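Enquirer: Sequence:
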Amino acid sequence: MIAARWIRLGRVEPLELRAAYTGLAAAQSSGAAPILLWGSTAMRCAFALVTPRKFAPGRASRWSAWALAPAVAACRRLGVPAYLEGGEIWLHGRSVARSQVAAIGECAVAVSGFPARLAPDGALEEGLRLRLEAQHGWQFDHSWPDRAEAASIARAREALSEPVLKVA
Numbered sequence: 003m004i005a006a007r008w009i010r011l012g013r014v015e016p017l018e019l020r021a022a023y024t025g026l027a028a029a030q031s032s033g034a035a036p037i038l039l040w041g042s043t044a045m046r047c048a049f050a051l052v053t054p055r056k057f058a059p060g061r062a063s064r065w066s067a068w069a070l071a072p073a074v075a076a077c078r079r080l081g082v083p084a085y086l087e088g089g090e091i092w093l094h095g096r097s098v099a100r101s102q103v104a105a106i107g108e109c110a111v112a113v114s115g116f117p118a119r120l121a122p123d124g125a126l127e128e129g130l131r132l133r134l135e136a137q138h139g140w141q142f143d144h145s146w147p148d149r150a151e152a153a154s155i156a157r158a159r160e161a162l163s164e165p166v167l168k169v170a
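Numbering-wise (the working numbering), the sequence shown opens with residue 3 and increments by one.
In case anyone wonders, no lab produced these hints; they're calculated from the structure.
This structure is a prediction, so every number in the text was calculated from the model and none was measured.
Some clues are possibly wrong.
Computed beta-carbon distance windows for the label pairs [claimed, not checked]:
# : residue 1 : residue 2 : range
1 : Arg64     : Ser97     : 13 to 21 Å
2 : Glu164    : His94     : 23 to 31 Å
3 : Ala125    : Asp148    : 27 to 35 Å
4 : Ala152    : Ala5      : 14 to 22 Å
5 : His94     : Lys56     : 15 to 23 Å
6 : Arg96     : Ser63     : 33 to 41 Å
7 : Asp148    : Ser97     : 35 to 43 Å
In this text, a Cβ means the ideal position worked out from N, Cα and C, and glycines have one as well.
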C-alpha cells in the first residue's frame with residue numbers, strides 16, 4: 003500500500019479550492035504522497051486529486067478518466083447509475099460533473115465534483131476514498147497542509163485574487 007493524504011476543506015468557495023490545489027501541487031516533490039482534497043458548497047461536493055506524475059498515466063489526455071473512474075465506481079456502489087463519458091460524469095443522459103486536469107509543478111491535478119444531492123451523509127466521500135484505495139493501492143490518512151504547503155496555498159490565493167488586467 004502507498005501512503006496517501008486525505009484533506010477535508012469543509013465548506014469552500016471555488017476560488018479557495020483552486021488556491022488549495024494549486025498551492026499544494028506547487029509545494030510537492032516528485033516523491034510526495036498522493037493527496038485528495040474534499041470540499042463542498044451548498045450545491046456541490048468537490049474534490050481535487052493532487053498526485054506526483056509518477057502515479058498518473060503517462061499521457062495527460064488520460065488523467066481525467068484515471069481520476070474520475072473511482073468517482074464513478076463510488077456512485078455505482080451507492081446505486082447511482084453514473085457513467086464516464088468524455089472526461090465528465092454522466093447520469094441519466096446528462097452531464098453532472100465536468101473535470102479539469104493540469105500539470106502543476108511535479109504533480110498531475112484533476113478536479114471535479116458531484117451535485118450535493120448525490121452525496122448524502124458522507125456516503126459518497128467514503129465511497130470515493132474506498133474506490134481510490136482499491137483501484138490505486140493507496141492507503142489514506144487524514145491530513146492537513148504543513149507550513150510550507152500553507153504558505154504555498156496563501157501565495158496561490160494571492161495570485162488568484164489579483165485582477166487579470168490592471169487599469170492605470
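Enquirer: Going back to the hint list, which numbers does this structure go against?
Expert: Those not satisfied are hints 2, 5 and 6.
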